[in-house]
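Chain order of the listed sequences is F and C. When we follow the working numbering, the leftmost residue of the first sequence carries the number 1, and every step to the right adds one. When we follow the working numbering, the leftmost residue of the second sequence carries the number 1, and every step to the right adds one.
Simulated from the structure, these hints should not be mistaken for lab results. Check each hint, because a few of them may be wrong.
[Claimed, not checked] Derived DSS-like pairs (lysine-lysine); straight-line CA-CA distance at most 30 Å:
id : chain 1 : residue 1 : chain 2 : residue 2
1  : C       : Lys57     : F       : Lys26
2  : C       : Lys57     : F       : Lys70
3  : C       : Lys69     : C       : Lys57
4  : F       : Lys70     : F       : Lys26
5  : C       : Lys18     : C       : Lys65
6  : C       : Lys71     : C       : Lys17
[To be verified] Quick list of simulated restraints, FRET-style, between CB atoms:
id : chain 1 : residue 1 : chain 2 : residue 2 : range
7  : F       : Ser51     : C       : Asp56     : 20 to 28 Å
8  : F       : Arg60     : C       : Ser82     : 42 to 50 Å
9  : C       : Asn51     : F       : Ala78     : 41 to 49 Å
10 : C       : Glu1      : F       : Thr84     : 24 to 32 Å
11 : C       : Lys18     : F       : Ser24     : 34 to 42 Å
12 : F       : Thr77     : C       : Lys17     : 46 to 54 Å
[Said to hold, decoys possible] A few chain C residues that face chain F, going by a derived Cβ cut-off under 8 Å, partial list only:
id : residue
13 : Gly42
14 : Leu43
15 : Gln45
16 : Tyr48
17 : Val52
18 : Lys71
19 : Thr86
20 : Ile101
All residues carry an ideal CB built from backbone N, CA and C; glycine is no exception.
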Amino acid sequence: SQQGEEDPQALSIQEGENATMNCSYKTSINNLQWYRQNSGRGLVHLILIRSNEREKHSGRLRVTLDTSKKSSSLLITASRAADTASYFCATDGGRIQGAQKLVFGQGTRLTINP
Amino acid sequence: EAQVTQNPRYLITVTGKKLTVTCSQNMNHEYMSWYRQDPGLGLRQIYYSMNVEVTDKGDVPEGYKVSRKEKRNFPLILESPSPNQTSLYFCASGRTGRNNIQYFGAGTRLSVL
Chain F
1 SQQGEEDPQA
11 LSIQEGENAT
21 MNCSYKTSIN
31 NLQWYRQNSG
41 RGLVHLILIR
51 SNEREKHSGR
61 LRVTLDTSKK
71 SSSLLITASR
81 AADTASYFCA
91 TDGGRIQGAQ
101 KLVFGQGTRL
111 TINP
Chain C
1 EAQVTQNPRY
11 LITVTGKKLT
21 VTCSQNMNHE
31 YMSWYRQDPG
41 LGLRQIYYSM
51 NVEVTDKGDV
61 PEGYKVSRKE
71 KRNFPLILES
81 PSPNQTSLYF
91 CASGRTGRNN
101 IQYFGAGTRL
111 SVL
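Start from the sequences and build out the full structure, keeping to the hints where you can.
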């Protein structure tokens with residue numbers, strides 16, 4: 001079952017520009033996470049934002065969460081070539097406390113052009 | 001070093017030949033999970049385990065088996081692989097509770113001919 005859906009599916013920008021990716025989800029959540037995947041490699045956790053938080057920062061990453069709209073955005077500032085990757089949002093599916101199931105979107109493919 | 005280790009990384013096999021993909025984590029995590037990733041379909045969960053001897057189906061369990069006899073290991077078994085199981089497979093582990101961050105292995109690329 002698809003919970004998070006990212007938008008756009010692909011994004012290509014120049015190095016140094018900011019990149020914004022969006023995620024929409026359908027059910028209530030406890031938290032929302034963003035992961036990065038370099039081509040063909042395992043996903044790496046970037047940031048977790050809880051349902052009672054509206055914004056969170058980590059280095060050049062800024063995540064916002066709007067639970068009324070069931071949406072989140074990931075902003076990468078001052079992009080670098082090394083940021084080229086696919087980015088996924090993941091939600092916990094709103095199941096009972098302690099349940100672990102994360103549901104991933106299909107991802108945004110980000111390309112940073114030198 | 002904290003990690004999730006999958007083996008093998010690459011595997012080519014033929015239809016019907018049983019295979020096992022191993023997964024091991026050294027972080028004492030309760031939760032472990034298997035996903036498959038296919039173009040246009042994203043990551044889909046196959047099976048997961050909340051603890052030793054506790055496993056449950058994910059979204060696409062057909063054709064797969066798992067076991068969790070020890071906390072650190074969570075092998076994925078394909079009893080009779082078919083070409084539609086050609087995919088990129090990931091094992092992940094994490095803690096239960098509110099901080100449910102998952103740590104992923106490097107992936108196993110499986111081709112079933």
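Here is what the structure says about each hint:
1. Lys57/C with Lys26/F: 21 Å, holds
2. Lys57/C with Lys70/F: 27 Å, holds
3. Lys69/C with Lys57/C: 17 Å, holds
4. Lys70/F with Lys26/F: 7 Å, holds
5. Lys18/C with Lys65/C: Holds: Lys18/C and Lys65/C sit about 11 Å apart, inside 30 Å.
6. Lys71/C with Lys17/C: 27 Å, holds
7. Ser51/F with Asp56/C: 20 to 28 Å: Cβ of Ser51/F to Cβ of Asp56/C: about 24 Å, so the range 20 to 28 Å holds.
8. Arg60/F with Ser82/C: 42 to 50 Å: For Arg60/F and Ser82/C the Cβ distance comes to about 44 Å; the hint holds.
9. Asn51/C with Ala78/F: 41 to 49 Å: 42 Å, holds
10. Glu1/C with Thr84/F: 24 to 32 Å: 25 Å, holds
11. Lys18/C with Ser24/F: 34 to 42 Å: For Lys18/C and Ser24/F the Cβ distance comes to about 41 Å; the hint holds.
12. Thr77/F with Lys17/C: 46 to 54 Å: 50 Å, holds
13. Gly42: This hint holds: Gly42/C lies near chain F, its Cβ roughly 4 Å from the closest one there, short of 8 Å.
14. Leu43: Since the shortest Cβ distance to chain F is 4 Å, the answer is holds.
15. Gln45: Gln45/C check passes; min Cβ-Cβ to chain F is 7 Å, inside 8 Å.
16. Tyr48: At 7 Å from the nearest chain F Cβ, Tyr48/C passes the 8 Å test, so the hint holds.
17. Val52: Violated, because the Cβ-Cβ distance from Val52/C to chain F comes to roughly 15 Å (cut-off 8 Å).
18. Lys71: 15 Å, violated
19. Thr86: 14 Å, violated
20. Ile101: 5 Å, holds
Violation of the numbered hints given earlier is confined to hints 17, 18 and 19; the remaining hints are satisfied by the structure.
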